[in-house]
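Number of protein chains: 2
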Amino acid sequence: MSAIQNPFYTPEFHGEYEQISIGRLDLEEGGSIPDCHLAVATFGDPGNPPILVTTWYSGTHQIFREQYVGEDHALDPSRYFIVVVDQIGSGLSTSPHNASGANEAIAMSAFPKVRIGDDVVAQERLLREHFGIETLELVTGGSMGAQQTYEWAVRFPDKVRRAAPIAGTAQNTDHDFLYTRTLMEAITADPGFAGGEYSSNADVQAGLERHARLWGVMGFSTEFWKQKVYTALGFDDMDAFLAGFLQPYFTVRDPNDLLTMMWKWQRGDVARHTGGDLAAALGRITAKTVVIPIDEDMFFPPRDCVAEQTMVKESELRVVEDVLGHLGLFAVNPEYMPQIDRHLGELLDTPV
Amino acid sequence: MSAIQNPFYTPEFHGEYEQISIGRLDLEEGGSIPDCHLAVATFGDPGNPPILVTTWYSGTHQIFREQYVGEDHALDPSRYFIVVVDQIGSGLSTSPHNASGANEAIAMSAFPKVRIGDDVVAQERLLREHFGIETLELVTGGSMGAQQTYEWAVRFPDKVRRAAPIAGTAQNTDHDFLYTRTLMEAITADPGFAGGEYSSNADVQAGLERHARLWGVMGFSTEFWKQKVYTALGFDDMDAFLAGFLQPYFTVRDPNDLLTMMWKWQRGDVARHTGGDLAAALGRITAKTVVIPIDEDMFFPPRDCVAEQTMVKESELRVVEDVLGHLGLFAVNPEYMPQIDRHLGELLDTPV
Numbered sequence: 006m007s008a009i010q011n012p013f014y015t016p017e018f019h020g021e022y023e024q025i026s027i028g029r030l031d032l033e034e035g036g037s038i039p040d041c042h043l044a045v046a047t048f049g050d051p052g053n054p055p056i057l058v059t060t061w062y063s064g065t066h067q068i069f070r071e072q073y074v075g076e077d078h079a080l081d082p083s084r085y086f087i088v089v090v091d092q093i094g095s096g097l098s099t100s101p102h103n104a105s106g107a108n109e110a111i112a113m114s115a116f117p118k119v120r121i122g123d124d125v126v127a128q129e130r131l132l133r134e135h136f137g138i139e140t141l142e143l144v145t146g147g148s149m150g151a152q153q154t155y156e157w158a159v160r161f162p163d164k165v166r167r168a169a170p171i172a173g174t175a176q177n178t179d180h181d182f183l184y185t186r187t188l189m190e191a192i193t194a195d196p197g198f199a200g201g202e203y204s205s206n207a208d209v210q211a212g213l214e215r216h217a218r219l220w221g222v223m224g225f226s227t228e229f230w231k232q233k234v235y236t237a238l239g240f241d242d243m244d245a246f247l248a249g250f251l252q253p254y255f256t257v258r259d260p261n262d263l264l265t266m267m268w269k270w271q272r273g274d275v276a277r278h279t280g281g282d283l284a285a286a287l288g289r290i291t292a293k294t295v296v297i298p299i300d301e302d303m304f305f306p307p308r309d310c311v312a313e314q315t316m317v318k319e320s321e322l323r324v325v326e327d328v329l330g331h332l333g334l335f336a337v338n339p340e341y342m343p344q345i346d347r348h349l350g351e352l353l354d355t356p357v
Numbered sequence: 006m007s008a009i010q011n012p013f014y015t016p017e018f019h020g021e022y023e024q025i026s027i028g029r030l031d032l033e034e035g036g037s038i039p040d041c042h043l044a045v046a047t048f049g050d051p052g053n054p055p056i057l058v059t060t061w062y063s064g065t066h067q068i069f070r071e072q073y074v075g076e077d078h079a080l081d082p083s084r085y086f087i088v089v090v091d092q093i094g095s096g097l098s099t100s101p102h103n104a105s106g107a108n109e110a111i112a113m114s115a116f117p118k119v120r121i122g123d124d125v126v127a128q129e130r131l132l133r134e135h136f137g138i139e140t141l142e143l144v145t146g147g148s149m150g151a152q153q154t155y156e157w158a159v160r161f162p163d164k165v166r167r168a169a170p171i172a173g174t175a176q177n178t179d180h181d182f183l184y185t186r187t188l189m190e191a192i193t194a195d196p197g198f199a200g201g202e203y204s205s206n207a208d209v210q211a212g213l214e215r216h217a218r219l220w221g222v223m224g225f226s227t228e229f230w231k232q233k234v235y236t237a238l239g240f241d242d243m244d245a246f247l248a249g250f251l252q253p254y255f256t257v258r259d260p261n262d263l264l265t266m267m268w269k270w271q272r273g274d275v276a277r278h279t280g281g282d283l284a285a286a287l288g289r290i291t292a293k294t295v296v297i298p299i300d301e302d303m304f305f306p307p308r309d310c311v312a313e314q315t316m317v318k319e320s321e322l323r324v325v326e327d328v329l330g331h332l333g334l335f336a337v338n339p340e341y342m343p344q345i346d347r348h349l350g351e352l353l354d355t356p357v
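Heads up: the sequence lines are chains L and C, in that order. The numbering used here numbers the first residue of the first sequence as 6 and each following residue consecutively. The numbering used here numbers the first residue of the second sequence as 6 and each following residue consecutively.
Be a bit skeptical, because a hint or two may be false.
The list cannot tell twin chains apart, which means a pair is met if one copy fits it or any two copies do.
[What the hints assert, rightly or not] Heads up, simulated DSBU-like pairs for lysine-lysine below, C-alpha to C-alpha not over 35 Å straight-line:
hint : residue 1 : residue 2
1    : 118       : 164
2    : 118       : 233
3    : 318       : 164
4    : 118       : 318
Calculated directly from the structure, the hints in this document are not laboratory data. Because the structure is a prediction, the values reported are computed rather than measured.
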């Protein structure tokens, strides 16, 4: 019932970042976070036009620092002020495992349900109050970051000039809900999970490994495995790849934090603003929008993304080709980032 | 360590069938089944040209009786003698849960590893010794039944005039292996599984339900869920469909039996006959072959089936359209069987 230590959630693994308090955050599902902290990494001069980058399930700002942001990328810190905000439950921002001090009462299994809208409200307050940012040149993010991107464009249409949701949807699909439930069950079925009151993520090692192997089935594509793409990443066979990459990627993370994010992912839905009318919600978007699915994505397939894109007025579809499927987001395929950079770059160069 | 009762594996749920002993079956992986029984349902006059139908994971002859065989179908008992043989581990043929008498030493967790090739050897012996059948007009089956169909055509090319593997492959893919492992883990992670020495499948209810929900993610297609196809099947929402159909479908079955089939599924590979050379193995096939993938299949996608089809000399690809994906095999979509009947019917009408 009190916060625990996890050395993964430190600058050693995530580089430099700030912890910024936005104060009390009342939540859509009820309850609140008494003192909500957001972990934030910024790139570029604060006087540059601002870009917000949102994070995906299990990811943090660090993947953007390492892969997406740079003078050789569309997210160019010499031209823009790029703010990457880690989502609530990410393990860096306020999360079940680190809820202490003023947040002690919501540690671990007591953590409240958080929705995509809560993150976006928190981010808007952060940008306005802490950085003085009122209007964003671009909001972008992948997967759950795409959910936040859509939420921004629908909730705050006047504040978002351009939007680029990557490999994600505005309204989570039933299939995604079911997939996420199997991920959650892989963790909670582990006796070491103990109803969320484990003393260390290591207690839930077996469940986290099963959860990782489920990502192995859905996170990549059938072609990824068939073409043995992992050999190009330095692994001899698929079990070496799972044991050397996907399993450790997840087992260092906190189970309650992952579950908080998954509950949120399952319920991402901009149509909550319009009584369930998705077309009406997406019709509110005034941002120039580029919708960027990944062709081999098994759970955000392009056809699901197209269906939403056509409901956004000033929008265009750009399909990224990547045999890695959804986890193409990791940008390990050398052909991935040039496509992202081209699509984001052309969007940023479009006058609004 | 001794066989257990499971009322599901009776004629009440599977209609009439024979239990035929083929004697001792020595296995590819070593060990043997002392007295191998095969459950067999036949349709039509034994004097008609014979057709062999093989069964899929968790399935038995009964789905063929109910959906595939009839005078209004290509598998027409007024024209053919149709023999459906339940696979080893199916729960009707010799399986972990029913191994008793001469098979007592291989009950439950002591059951040996069985391969697709073992089933095919057993079936060939059954057909020859019990039915006097030397040559088959057609071998067909779906999923693991397709694995057996390919194995027949490669192992006994002179005995198979026509072959129609449906929604399956000759060499199991790595992706399928990984998917199957998550299914296995859903069962074995249940403390009630007790290393395979539970006293009833009800002890493993939670694990079997998780296993069922994984089928919900991969067994159907993303479009199945998006279009809420289950409402046409009489279910109000996706959880009602899972609770009313997919979960009970699996929870009545035996965990060890399912695991025996999955181990076999994971390792289906005709290239075992040719030192790993798949093209050489498929090159042995002389049967006229129609390869029938289902367009929305998430784990035997058409492109995996095409790759093999092109290695079979006298072959043709026929893709079935079905939003149900892999579990289109259940033939609940009224547009499914007409396609299967057309493809099998045209194959049967092709002179060889």
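Violated hints, by number in ascending order, as checked against the structure | Per hint list: zero violations.
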